[in-house]
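Chemist: Dock chain B against the given chain A, drawing on the hints supplied.
Protein chains: 2
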Amino acid sequence: MNIPLSNLPRVVIVGGGFGGLQLARKIDSSKYQVVLLDKHNYHTFQPLLYQVATAGLEPDSIAYPLRKIFKQKANFYFRMSEVEEIHPEKKEIDTSIGTFTYDILVLATGTVTNFFGNKDIERLAMGMKTVPEALNIRSLLLQNFEAALLTDDLSERESLMNVVIVGAGPTGVELAGAIAELKAHVLPMDYPDLDFRRMNIHLVEGSSRVLPPMAVESSEKAARYLEKLGVQVWLNTRVMDYDGKTITTDKQPMHTQTLIWAAGVTCNPPGGIPADVIERGNRIRVDRYSRVEGFEGLYAIGDLAYMETPKYPKGQPQVAQPAIQQGVHLAKNLKNQALGKALVPFEYKDPGSMATVGRSRAVCELPGFKTQGAFAWFIWLVVHLMALVGWRNRAVVFFNWAYNFFNYNRDIRLIIRPYNRVQRQLDETD
Amino acid sequence: MNIPLSNLPRVVIVGGGFGGLQLARKIDSSKYQVVLLDKHNYHTFQPLLYQVATAGLEPDSIAYPLRKIFKQKANFYFRMSEVEEIHPEKKEIDTSIGTFTYDILVLATGTVTNFFGNKDIERLAMGMKTVPEALNIRSLLLQNFEAALLTDDLSERESLMNVVIVGAGPTGVELAGAIAELKAHVLPMDYPDLDFRRMNIHLVEGSSRVLPPMAVESSEKAARYLEKLGVQVWLNTRVMDYDGKTITTDKQPMHTQTLIWAAGVTCNPPGGIPADVIERGNRIRVDRYSRVEGFEGLYAIGDLAYMETPKYPKGQPQVAQPAIQQGVHLAKNLKNQALGKALVPFEYKDPGSMATVGRSRAVCELPGFKTQGAFAWFIWLVVHLMALVGWRNRAVVFFNWAYNFFNYNRDIRLIIRPYNRVQRQLDETD
Numbered sequence: 001m002n003i004p005l006s007n008l009p010r011v012v013i014v015g016g017g018f019g020g021l022q023l024a025r026k027i028d029s030s031k032y033q034v035v036l037l038d039k040h041n042y043h044t045f046q047p048l049l050y051q052v053a054t055a056g057l058e059p060d061s062i063a064y065p066l067r068k069i070f071k072q073k074a075n076f077y078f079r080m081s082e083v084e085e086i087h088p089e090k091k092e093i094d095t096s097i098g099t100f101t102y103d104i105l106v107l108a109t110g111t112v113t114n115f116f117g118n119k120d121i122e123r124l125a126m127g128m129k130t131v132p133e134a135l136n137i138r139s140l141l142l143q144n145f146e147a148a149l150l151t152d153d154l155s156e157r158e159s160l161m162n163v164v165i166v167g168a169g170p171t172g173v174e175l176a177g178a179i180a181e182l183k184a185h186v187l188p189m190d191y192p193d194l195d196f197r198r199m200n201i202h203l204v205e206g207s208s209r210v211l212p213p214m215a216v217e218s219s220e221k222a223a224r225y226l227e228k229l230g231v232q233v234w235l236n237t238r239v240m241d242y243d244g245k246t247i248t249t250d251k252q253p254m255h256t257q258t259l260i261w262a263a264g265v266t267c268n269p270p271g272g273i274p275a276d277v278i279e280r281g282n283r284i285r286v287d288r289y290s291r292v293e294g295f296e297g298l299y300a301i302g303d304l305a306y307m308e309t310p311k312y313p314k315g316q317p318q319v320a321q322p323a324i325q326q327g328v329h330l331a332k333n334l335k336n337q338a339l340g341k342a343l344v345p346f347e348y349k350d351p352g353s354m355a356t357v358g359r360s361r362a363v364c365e366l367p368g369f370k371t372q373g374a375f376a377w378f379i380w381l382v383v384h385l386m387a388l389v390g391w392r393n394r395a396v397v398f399f400n401w402a403y404n405f406f407n408y409n410r411d412i413r414l415i416i417r418p419y420n421r422v423q424r425q426l427d428e429t430d
Numbered sequence: 001m002n003i004p005l006s007n008l009p010r011v012v013i014v015g016g017g018f019g020g021l022q023l024a025r026k027i028d029s030s031k032y033q034v035v036l037l038d039k040h041n042y043h044t045f046q047p048l049l050y051q052v053a054t055a056g057l058e059p060d061s062i063a064y065p066l067r068k069i070f071k072q073k074a075n076f077y078f079r080m081s082e083v084e085e086i087h088p089e090k091k092e093i094d095t096s097i098g099t100f101t102y103d104i105l106v107l108a109t110g111t112v113t114n115f116f117g118n119k120d121i122e123r124l125a126m127g128m129k130t131v132p133e134a135l136n137i138r139s140l141l142l143q144n145f146e147a148a149l150l151t152d153d154l155s156e157r158e159s160l161m162n163v164v165i166v167g168a169g170p171t172g173v174e175l176a177g178a179i180a181e182l183k184a185h186v187l188p189m190d191y192p193d194l195d196f197r198r199m200n201i202h203l204v205e206g207s208s209r210v211l212p213p214m215a216v217e218s219s220e221k222a223a224r225y226l227e228k229l230g231v232q233v234w235l236n237t238r239v240m241d242y243d244g245k246t247i248t249t250d251k252q253p254m255h256t257q258t259l260i261w262a263a264g265v266t267c268n269p270p271g272g273i274p275a276d277v278i279e280r281g282n283r284i285r286v287d288r289y290s291r292v293e294g295f296e297g298l299y300a301i302g303d304l305a306y307m308e309t310p311k312y313p314k315g316q317p318q319v320a321q322p323a324i325q326q327g328v329h330l331a332k333n334l335k336n337q338a339l340g341k342a343l344v345p346f347e348y349k350d351p352g353s354m355a356t357v358g359r360s361r362a363v364c365e366l367p368g369f370k371t372q373g374a375f376a377w378f379i380w381l382v383v384h385l386m387a388l389v390g391w392r393n394r395a396v397v398f399f400n401w402a403y404n405f406f407n408y409n410r411d412i413r414l415i416i417r418p419y420n421r422v423q424r425q426l427d428e429t430d
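Taken in order, these protein sequences are the chains called A and B.
Numbering (this note's numbering) for the first sequence: 1 to 430.
Numbering (this note's numbering) for the second sequence: 1 to 430.
Be a bit skeptical, because a hint or two may be false.
[Unchecked claim] List time: in silico DSBU-like cross-link candidates among lysine-lysine, alpha-carbon distance up to 35 Å:
no., chain 1, residue 1, chain 2, residue 2
1, A, K245, A, K91
2, B, K31, A, K245
3, A, K39, B, K119
4, A, K39, B, K245
5, B, K73, A, K183
6, B, K73, B, K245
7, B, K311, A, K129
8, B, K228, B, K251
9, B, K31, A, K183
10, B, K183, A, K183
11, A, K39, B, K129
12, B, K183, A, K71
13, B, K129, A, K71
14, A, K73, B, K183
15, B, K73, A, K245
16, A, K183, B, K311
17, B, K349, A, K129
18, A, K228, B, K71
19, A, K129, B, K129
20, B, K91, B, K311
21, B, K228, A, K73
22, B, K39, A, K39
23, B, K314, B, K341
24, B, K39, A, K119
25, A, K91, A, K31
26, A, K129, A, K26
27, B, K26, A, K71
28, B, K183, A, K31
29, A, K245, B, K119
30, B, K26, A, K183
31, B, K183, A, K39
32, A, K73, B, K245
33, A, K39, A, K349
34, B, K71, A, K129
35, A, K71, B, K73
36, B, K183, A, K26
37, B, K73, A, K228
38, A, K183, B, K71
Hint data in this document are derived by calculation from the structure and do not stem from the laboratory.
Chain A extracted, bound-state conformation (with noise of 0.2 Å):
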C-alpha cells in the first residue's frame, strides 16, 4: 500500500524474524526494491523471551523496532500487516492493510506453537511465542500467588503455586531453571505466607530424555541440573488433557493453573500455497535456492522452509541460525542472479547450539568440543548478548544479568496487564 512504482524488481519479505530479518538487511537495494511486511512493528529476540516471563528483563531489551534497523537503508518499505492469501498466479498478496504486488515473494513467517489439536489446552495453556504471551506468563505465574495467598483450600492454593512446563527443549528448559530460580531467591521472600515447600515445578518431556537435539551427556548434564533446582523431570511422558487446574499424563495427573506449553511448534504458511509442497510440520518445500518449485519468483527461507542438503537430508533444524544463514545466503543469489552470476546451493554450517538452566549453569555444544557448567554458561552470556539487535539492548540486559546475578533478584515482577481470557483473544490477533 502506498509504496511508490520502481523499475526495480520488487522484493516482498514476509516476515520480520531472523531469517526475514537478514535476507532485508544483507539484499542489495539499489538492485531491488524490498518491503518487509511483519504483524509487529519490532524484530522479536526469542531465544531470551524466557526472562520476559519470569521477570528478569524488560520487554524492552529483547525486542527491537524494525524502522530503526533500516532508517538507513535506500529503497527500504516496512509495513505492518499480517499476510492472508497468496496469489502466485498473479504475483499478488493479499494482507489486512490491503493487496501487493510483488516480483519475488519471500515467506519467512517462522513457527507457531503447536498445541496438537487439543482444543483444552490451546485454550488454557499458556504459549511462549511472542512478547505479549511472554508478559501473559509473567503476570498469571504473580496474579496466582497473589491468589494463592486468599485461599485456605491446600489443594487450591498448590494448584496456584505449582508451575508445569512441557516440553524440555531448550525453551523449556531455561523456563524451569528460571522459575526454579525464582522459586529459590524471589517468591519466598515476596510472599512469606506461603510455603514454598509445597510448590512444585514440573518439566514434562515426552522422549526418553531433556534437551534431545542435543548430544547424551548434554541431557544428562542438564538433566542434573535441573534436579539441582528442584525442578521435577518426567521423561517419556504424555499430556493428554487439561481443564485449567489439573493436567492428565500417560503417568499421574499434575495439579496446575500455570501450564506453559512448549511442546512443539507447527508452520502455518499463508492461503494459496497448494497442499503438494507442504511438508511435515506444514514447512514449505524449497530447494537448495530456497525457491519453491513450481512457482516463479516464490520463496520460503528459516523456520517455515523445508529444504534438504546433502549434510540435512531430513530439512534444517528449526532454530535461528538456519534461519539467519538462509536469509544471508538468498540475499546473495539474488545479487547474484541480478548480476546474470550463477546461483550457490545452501549448505548449514552449525555453530554449535546450547542452552542454560540457571545461574552458572548450562550445557554448550561447539564444533570440535562440548563443555557444561560456569564456563558453558559463560559463552551462552556472551553470545546471547552480541546476538542481540543494537548496543542500547546489549547495555541494559548486560546491566540487568549483572545485577541480578550480584542480588538473586529479579526486579521486573509487575502485573501491568492483569492477564485474563478476553484478553488473551486480543493478544492472538498481536
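Modeler: For chain B alone, kept in the frame of chain A given last:
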C-alpha cells in the same frame, strides 16, 4: 483476607501511591499491624509516565514492585485488591477479594482523570494516570503513524499525524515537549515517506497561561520553550466535544485521532463516605491530623484528602509532595497516639515545583529562587532520578536518559499491545 489476627491494632492503607507508600514505610509496625491494599502490585512513579507514553523509558523503570519495598517489614501484609465500599460503623471494608476489618483505615486512593462529564471525550480521549494508559498512548501514537502511510486522503493523514493535548499543567506541558522532540528527531527517520511539516502538536489550555500553578515568569518561559519546539499553544480555549477525529472548541476545530486528556482530575471516594464530608473535586474533608471528622479511626491523605491549614486555607495542592509529607506525618502521629503522646497538626512545607519542556529546557521554582533553562533542567533530572524507588530503576533511567540525550533517540517505540477500544475496556479494570 487470610491476614492473621494480631493483638496490635490493624491499620489498613488503601492505595500505594506517594502518600500510602510513605505511610506504610514509616509506620511503626511494632505498634500496628499494617495492611496495604492496591489494585496494582507496583508503585507507579507518575511524574515520568509521560516518558513511557513517548517511548523514552520502559514502564519497568518507573514502576516498582510493592512487595519488594516491604519485604523486610514485620507485621506487614500487602493484598492486591480494589476497594468497593466501606462500613465505618462496623469498621469494615469490602474489596474485590473480600471484607477486611480495621481499627484504623487510611484512604489514599488519589485522583482519577476528570472528563467533566463528557462521555464522548471519556470514551475517545486518552488519559495518562496509569502505566497501561501510558502504554496505550505509546501504541496509539505509533499505530497512527503506521496508518498515516496507508492513506492518500490528506486530511485523514493529517488527523492521524496530529496530536492534541488538553491541559497545560506540568503533565500536558512535559508531554507536549516530549512529542515535539519525537517529531523533531525520531519520527521523520522512521517515516521518511511522511511530510512532517503537516504534523501539528496542539496544547490546549482553558486558563490564560501554561503551568497555571507556577509563577507568571515560569509560565512565559515555558510557553516560549514550547513555541521554539513547534508546539501550538492555545490559551483561554475550551474543548467542547470530540468525535474521534475532530475536536470542537470555542475557537477553531482541530483534527486529530490522538487526543490526550490532561485537563483535570477528580477523586473517586469509596462508597460509604457520606456526602457531607465530600468537598470540591470529590475530596474528603479531613482535619489537620488527616482524620475524617465524625468517624473514629477513619483517615484520608494525599490528593484524595481536603485539608485546610493556615498556609493553605483552600486545601493542599494535589501533587506528590503534600501526599508524601502527609504520609510521613500520619505515621508519626499514629506512633504518638500509640505512645499516648500529643498529636502534631500538619502543615505543608513546599519544596518547590518544576517542569521540563525538553532537552536543556525546564522551569524550576525552589524556595528562595527561580531558574529556567539548562540549569533548571539539570535540577529536574537530579530530583526525579533520586525520587525514583530503587537503585536499579535509577541506574536504568539514568542510562536511558544519557543514551537518548546523546543519540536524540527514543528506542522503545514498540507497539507491544496494539491499542483498540476493546482493549481499553480491559485497561480500565487495571
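Chemist: Look at each hint and say if it fits the structure.
Modeler: Verification of the supplied hints:
no. : hint              : in the structure
1   : K245(A) - K91(A)  : 48 Å, violated
2   : K31(B) - K245(A)  : 41 Å, violated
3   : K39(A) - K119(B)  : 33 Å, holds
4   : K39(A) - K245(B)  : 25 Å, holds
5   : K73(B) - K183(A)  : 20 Å, holds
6   : K73(B) - K245(B)  : 51 Å, violated
7   : K311(B) - K129(A) : 57 Å, violated
8   : K228(B) - K251(B) : 23 Å, holds
9   : K31(B) - K183(A)  : 32 Å, holds
10  : K183(B) - K183(A) : 45 Å, violated
11  : K39(A) - K129(B)  : 29 Å, holds
12  : K183(B) - K71(A)  : 15 Å, holds
13  : K129(B) - K71(A)  : 33 Å, holds
14  : K73(A) - K183(B)  : 20 Å, holds
15  : K73(B) - K245(A)  : 34 Å, holds
16  : K183(A) - K311(B) : 51 Å, violated
17  : K349(B) - K129(A) : 52 Å, violated
18  : K228(A) - K71(B)  : 26 Å, holds
19  : K129(A) - K129(B) : 31 Å, holds
20  : K91(B) - K311(B)  : 33 Å, holds
21  : K228(B) - K73(A)  : 31 Å, holds
22  : K39(B) - K39(A)   : 32 Å, holds
23  : K314(B) - K341(B) : 29 Å, holds
24  : K39(B) - K119(A)  : 32 Å, holds
25  : K91(A) - K31(A)   : 19 Å, holds
26  : K129(A) - K26(A)  : 25 Å, holds
27  : K26(B) - K71(A)   : 50 Å, violated
28  : K183(B) - K31(A)  : 32 Å, holds
29  : K245(A) - K119(B) : 41 Å, violated
30  : K26(B) - K183(A)  : 29 Å, holds
31  : K183(B) - K39(A)  : 24 Å, holds
32  : K73(A) - K245(B)  : 34 Å, holds
33  : K39(A) - K349(A)  : 30 Å, holds
34  : K71(B) - K129(A)  : 33 Å, holds
35  : K71(A) - K73(B)   : 50 Å, violated
36  : K183(B) - K26(A)  : 29 Å, holds
37  : K73(B) - K228(A)  : 31 Å, holds
38  : K183(A) - K71(B)  : 15 Å, holds
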